[in-house]
Amino acid sequence: MADMHKDPLALLPEILLLLGAVAALLAGSFLPRRRQWAARAGAAAALAASLAAAVFSAPGEDRTVYAGTYALDGATDAVRVIVPAAALTVLALASGRVRGDRRETEFCVLVLLGSLGTVLLAGASDLLLLAVAYLLASIPLYALAGWGRDARGAEAALKLYLLGVLLGITMLLGTAVLYGLGGATDYAALADGLPGAPVAALAVGTVALLAGPLFKAGAVPAHFWVPDAASGATVPAAAFLTTVPKIGALVALYRVLTVLPEQALEWRMLLAVLAVATMTLGNLAAFAQTDPLRLLGYSTISQAGYLLMAVAVAGRAEALRSLLLYLAAYAVTNLGAFAVAAALPGSRTLEAYRGLGRRRPLLAAALTVCLLGLVGTPPTAVFMGKLTVFSATWDGGMAWLTAVAAANTVASLFYYLRWIAPALSISRPGPPPQDAGASGGGGERKGERAATAEPERWAAGTAVAAASATLVLGAGAGWVLGFLSDTLVR
Amino acid sequence: MLSLTVFLPLAAALVLLAWRGLPDAAVRWLWVAVSGADLALVAALWATYDGPGIGHETDRPWIPGAGAGYHIGVDGLSLPLLALTATVFLACAVYSLRGQRDIRRFAALFLALQTTCLGLFAALDLILFFLFFDLSIVGMYLVIAGWGHGEQAARSALKFFLYTFVGSLALLLGFIGLYAASDPHTFDITELTADPPLQGGGAAGPLVLLAIAVGLAVKTPTFPFHTWLPPAHTDAPAAGSAVLAAILLKMGTYGFVRIAMPILPEDWRAHAMVFVAVGVVSALYGALVALAQSSFKRMVAYTSVNHMGYVLLALGAAGFIAGTDEQARSTAVTGAVVQMVSHGLITGALFLLAGVLMDRGGTYEMDAWGGLAGPMPRFAALTAVAAFAGLGLPGFSGFIAEFQIFAGSLGAVPVATALALLGILVTAGLFLWALHRLFLGARRGPKPVGADLRPAELLSVAPLLALSLLIGVLPRWLLDTVEPAARAVVGLVSR
Numbered sequence: 001m002a003d004m005h006k007d008p009l010a011l012l013p014e015i016l017l018l019l020g021a022v023a024a025l026l027a028g029s030f031l032p033r034r035r036q037w038a039a040r041a042g043a044a045a046a047l048a049a050s051l052a053a054a055v056f057s058a059p060g061e062d063r064t065v066y067a068g069t070y071a072l073d074g075a076t077d078a079v080r081v082i083v084p085a086a087a088l089t090v091l092a093l094a095s096g097r098v099r100g101d102r103r104e105t106e107f108c109v110l111v112l113l114g115s116l117g118t119v120l121l122a123g124a125s126d127l128l129l130l131a132v133a134y135l136l137a138s139i140p141l142y143a144l145a146g147w148g149r150d151a152r153g154a155e156a157a158l159k160l161y162l163l164g165v166l167l168g169i170t171m172l173l174g175t176a177v178l179y180g181l182g183g184a185t186d187y188a189a190l191a192d193g194l195p196g197a198p199v200a201a202l203a204v205g206t207v208a209l210l211a212g213p214l215f216k217a218g219a220v221p222a223h224f225w226v227p228d229a230a231s232g233a234t235v236p237a238a239a240f241l242t243t244v245p246k247i248g249a250l251v252a253l254y255r256v257l258t259v260l261p262e263q264a265l266e267w268r269m270l271l272a273v274l275a276v277a278t279m280t281l282g283n284l285a286a287f288a289q290t291d292p293l294r295l296l297g298y299s300t301i302s303q304a305g306y307l308l309m310a311v312a313v314a315g316r317a318e319a320l321r322s323l324l325l326y327l328a329a330y331a332v333t334n335l336g337a338f339a340v341a342a343a344l345p346g347s348r349t350l351e352a353y354r355g356l357g358r359r360r361p362l363l364a365a366a367l368t369v370c371l372l373g374l375v376g377t378p379p380t381a382v383f384m385g386k387l388t389v390f391s392a393t394w395d396g397g398m399a400w401l402t403a404v405a406a407a408n409t410v411a412s413l414f415y416y417l418r419w420i421a422p423a424l425s426i427s428r429p430g431p432p433p434q435d436a437g438a439s440g441g442g443g444e445r446k447g448e449r450a451a452t453a454e455p456e457r458w459a460a461g462t463a464v465a466a467a468s469a470t471l472v473l474g475a476g477a478g479w480v481l482g483f484l485s486d487t488l489v490r
Numbered sequence: 001m002l003s004l005t006v007f008l009p010l011a012a013a014l015v016l017l018a019w020r021g022l023p024d025a026a027v028r029w030l031w032v033a034v035s036g037a038d039l040a041l042v043a044a045l046w047a048t049y050d051g052p053g054i055g056h057e058t059d060r061p062w063i064p065g066a067g068a069g070y071h072i073g074v075d076g077l078s079l080p081l082l083a084l085t086a087t088v089f090l091a092c093a094v095y096s097l098r099g100q101r102d103i104r105r106f107a108a109l110f111l112a113l114q115t116t117c118l119g120l121f122a123a124l125d126l127i128l129f130f131l132f133f134d135l136s137i138v139g140m141y142l143v144i145a146g147w148g149h150g151e152q153a154a155r156s157a158l159k160f161f162l163y164t165f166v167g168s169l170a171l172l173l174g175f176i177g178l179y180a181a182s183d184p185h186t187f188d189i190t191e192l193t194a195d196p197p198l199q200g201g202g203a204a205g206p207l208v209l210l211a212i213a214v215g216l217a218v219k220t221p222t223f224p225f226h227t228w229l230p231p232a233h234t235d236a237p238a239a240g241s242a243v244l245a246a247i248l249l250k251m252g253t254y255g256f257v258r259i260a261m262p263i264l265p266e267d268w269r270a271h272a273m274v275f276v277a278v279g280v281v282s283a284l285y286g287a288l289v290a291l292a293q294s295s296f297k298r299m300v301a302y303t304s305v306n307h308m309g310y311v312l313l314a315l316g317a318a319g320f321i322a323g324t325d326e327q328a329r330s331t332a333v334t335g336a337v338v339q340m341v342s343h344g345l346i347t348g349a350l351f352l353l354a355g356v357l358m359d360r361g362g363t364y365e366m367d368a369w370g371g372l373a374g375p376m377p378r379f380a381a382l383t384a385v386a387a388f389a390g391l392g393l394p395g396f397s398g399f400i401a402e403f404q405i406f407a408g409s410l411g412a413v414p415v416a417t418a419l420a421l422l423g424i425l426v427t428a429g430l431f432l433w434a435l436h437r438l439f440l441g442a443r444r445g446p447k448p449v450g451a452d453l454r455p456a457e458l459l460s461v462a463p464l465l466a467l468s469l470l471i472g473v474l475p476r477w478l479l480d481t482v483e484p485a486a487r488a489v490v491g492l493v494s495r
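These protein sequences, in sequence, are chains P and F.
FYI, in the working numbering the residues of the first sequence are 1 to 490.
FYI, in the working numbering the residues of the second sequence are 1 to 495.
Source of the hints: derived by calculation from the structure; they are not laboratory data.
Some clues are possibly wrong.
[Claimed, not checked] Ranges of calculated distance between the beta carbons of each label pair, as one might list FRET restraints:
| hint | chain 1 | residue 1 | chain 2 | residue 2 | range |
| --- | --- | --- | --- | --- | --- |
| 1 | P | 471 | F | 53 | 43 to 53 Å |
| 2 | F | 200 | P | 482 | 47 to 57 Å |
| 3 | P | 180 | F | 270 | 49 to 59 Å |
| 4 | P | 361 | F | 25 | 16 to 26 Å |
| 5 | F | 18 | P | 351 | 49 to 59 Å |
[Claimed, not checked] Think about it this way: if two alpha-carbon atoms lie no more than 25 Å apart in a straight line, the pair counts; the simulated SDA-like pairs of lysine to any residue are:
| hint | chain 1 | residue 1 | chain 2 | residue 2 |
| --- | --- | --- | --- | --- |
| 6 | F | 159 | P | 407 |
| 7 | F | 159 | P | 351 |
| 8 | P | 6 | P | 173 |
| 9 | F | 159 | P | 364 |
| 10 | P | 159 | P | 277 |
| 11 | P | 159 | P | 180 |
Predicted model only: the values in this text are computed from it and were never measured.
Beta carbons: idealized from backbone N, C-alpha and C, even for Gly.
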């Protein structure tokens with residue numbers, strides 16, 4: 001412990017996020033309500049700066065800093081780029097909704113803090129730091145879920161909070177057990193200390209520890225908050241909640257699992273079963289949904305299942321790179337789909353999208369690209385992600401899991417098409433616009449917009465940009481894969 | 001130049017989409033011009049191809065991390081299909097000169113679809129193949145859903161999409177299996193062909209072949225995966241039907257020749273009987289069900305199942321090594337490839353003619369018509385020619401193809417071949433009966449019959465049939481290209 005590897009500059013991207021959050025909070029406290037956009041611009045600038053710092057510092061020397069508690073490696077580098085980029089997308093699609101709102105600054109601060117927590121979650125190489133990062137990634141999100149201050153938002157926030165606290169405590173219990181067994185909390189020492197530990201205790205500790213990251217990833221059995229958060233929270237908050245925390249959580253899972261002794265514990269099989277349960281449950285539950293946001297919520301659960309496949313073959317060839325590619329692809333595609341929903345806040349049923357193709361061809365095209373992307377149609381980014389993850393899984397000796405995932409992909413097609421089909425139907429005129437009640441928006445909204453109304457410009461622009469990005473990322477996947485490094489240090 | 005050929009239609013499609021103010025007439029002629037130019041490019045590719053082996057090859061790294069590359073090229077198997085694609089799309093462009101709703105998007109969609117079809121036949125990488133395979137499904141879905149007629153169009157389109165998309169995922173699963181089994185890991189078709197993975201027994205080989213075969217069989221389609229075909233055809237616009245039958249179905253059979261046979265030779269040989277059986281059942285079932293149809297278009301759709309059954313029979317027979325000579329097997333594969341081209345030309349023509357029927361009277365029901373030979377002599381003549389070509393009359397391409405298929409398969413699987421021959425009999429009967437109902441007897445037209453074939457219709461259908469006649473009378477130019485490639489496939493299978 002003599003050399004703590006103190007190197008504050010190595011954490012510049014994280015520090016910029018923190019400074020941005022503090023600055024935005026202070027600025028927001030003093031700015032009049034009409035000029036709160038300045039705080040929002042500041043938050044966006046902090047995200048952009050963090051993104052730039054991450055890009056310029058990558059690929060750095062692979063090392064851990066601060067006494068082995070924080071890993072700087074290929075995985076962290078990638079997450080440091082993906083998370084701020086995703087958060088910026090959320091801010092962009094939220095522009096129309098939060099502009100002029102009484103809590104405009106709060107939204108941005110919560111997004112920044114949540115992003116910071118997510119990045120720390122991904123980089124943590126120590127159980128205690130993992131627990132802290134979990135809290136930092138969770139607490140801002142409780143507030144974000146209830147940001148709209150309406151009944152549905154409150155329900156979403158409460159559900160998220162209760163489950164988060166419960167699983168957080170479980171995770172701390174797991175940390176304590178593993179500390180007792182391994183005699184250390186940092187991963188390098190744990191990897192040496194855990195082999196030889198009693199298997200039963202090891203299993204209990206591991207399962208308890210996994211509860212936290214699984215909650216953040218929205219995976220079975222900690223998925224109950226996802227659909228409520230997706231449909232109850234305001235659309236931009238839902239987009240953030242269902243996209244960004246997953247990125248950190250899956251990398252954290254990946255990191256912590258490679259530490260565990262494989263001989264003693266069949267954790268690969270556990271993860272494979274969780275993956276199957278997650279994707280199947282998400283898909284089956286999505287079938288009956290009529291609310292597009294709830295449908296998207298269940299779709300994000302199924303996506304978590306596919307992502308868990310890469311974790312199940314953690315440490316084997318190409319698993320990490322495929323996971324990172326899939327995470328990036330998922331983030332941009334899922335945000336694109338949410339952006340379409342944010343652009344049409346009045347359309348709260350699938351039927352309300354009927355005829356979108358005639359009225360808003362560009363928006364309908366973006367929706368089609370994003371939803372087909374989530375299915376995994378080439379040449380979108382998620383197809384490339386799925387392809388690499390499926391290949392890595394098959395290669396890692398779990399061909400059966402690949403087959404199950406392919407069957408699930410088929411099943412997922414049905415409910416995505418239930419949304420695409422009315423949106424693209426051009427043969428029949430649409431029914432009169434449906435004025436759905438509360439759109440998850442707050443009481444201060446001046447009036448509900450129906451599907452025929454002018455879409456939110458920022459959100460629509462974000463949707464089109466995200467749809468284009470998913471195509472570009474798909475075509476340039478080879479290039480991106482070249483940049484992703486699959487190093488993982490402890 | 002091959003890349004230019006593949007992507008020229010897509011570039012034109014993007015121009016059409018972006019240029020909103022373009023008048024309809026200009027759109028139509030631009031479409032014809034681009035399709036014509038593309039056909040000329042394919043012809044030039046064929047003329048400068050010095051086989052055997054792969055010509056006009058481009059191999060660039062695309063996703064090196066995942067073992068996929070942008071690898072395209074042509075050989076004796078793909079050139080005829082590329083030429084068929086360009087020809088049929090040109091015919092559709094000419095056919096649409098007569099007028100089409102929302103022509104700008106329609107043309108853009110067809111041009112984009114043309115790129116996916118050309119790209120698929122040129123692809124020498126499994127992922128590239130899969131990419132074009134899936135995009136063709138999306139494109140055809142939009143054609144049927146957007147321009148289909150009838151109450152059920154959206155439903156039929158969805159059925160088509162679901163079936164073929166599910167098939168494509170099985171295909172992807174098989175491709176990933178090949179990738180995982182290869183060493184070093186690659187999706188490159190030529191590398192996988194040169195060094196086939198999954199040799200030497202084991203459970204993985206048959207399973208991978210099963211996944212790939214199911215994926216391709218849905219697209220072909222063979223019994224029992226054909227149920228999406230009739231509704232899709234019934235509700236698609238005429239040009240969409242023509243492309244669906246003439247080109248998209250070939251993606252399935254082409255996949256068998258290009259991927260399943262050379263890369264999984266051992267498993268193909270071991271399970272050749274399955275493909276023969278599926279082929280025979282498809283041929284007989286397709287013919288019998290076609291016989292029972294009252295709608296002209298549905299009938300033609302089912303004859304596609306019948307014709308694709310022959311292709312599968314021949315490919316399965318090529319997997320029987322013992323007791324057959326290589327010459328016979330290579331004849332069977334040649335016949336299969338010629339059958340793909342022949343079916344594309346004839347069925348493309350038949351579907352365009354069915355579109356004329358719909359245009360004039362608003363129905364495909366054969367019993368609603370009758371006595372059409374009088375008022376529409378040119379239509380009657382062309383339909384009769386197409387029907388005779390379709391039933392395999394000597395002098396047309398269908399005869400050359402089916403003769404080679406049966407001659408090549410007889411030694412290997414005599415019983416199956418004899419059974420499949422019955423299909424020819426039924427097809428002959430049903431085409432003659434259809435002609436009888438449509439053109440002879442008393443006039444029962446649902447409405448006053450409109451004009452005979454317009455120039456655009458004539459100029460789109462007649463060249464397809466002329467080509468079929470040309471192949472039937474002078475087949476050497478085609479066979480000289482196909483035969484070396486077919487021999488190569490047979491050699492690869494018997495490894």
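May I ask which of the numbered hints given earlier this structure violates, with the numbers listed in increasing order?
1, 2, 5, 8 and 11
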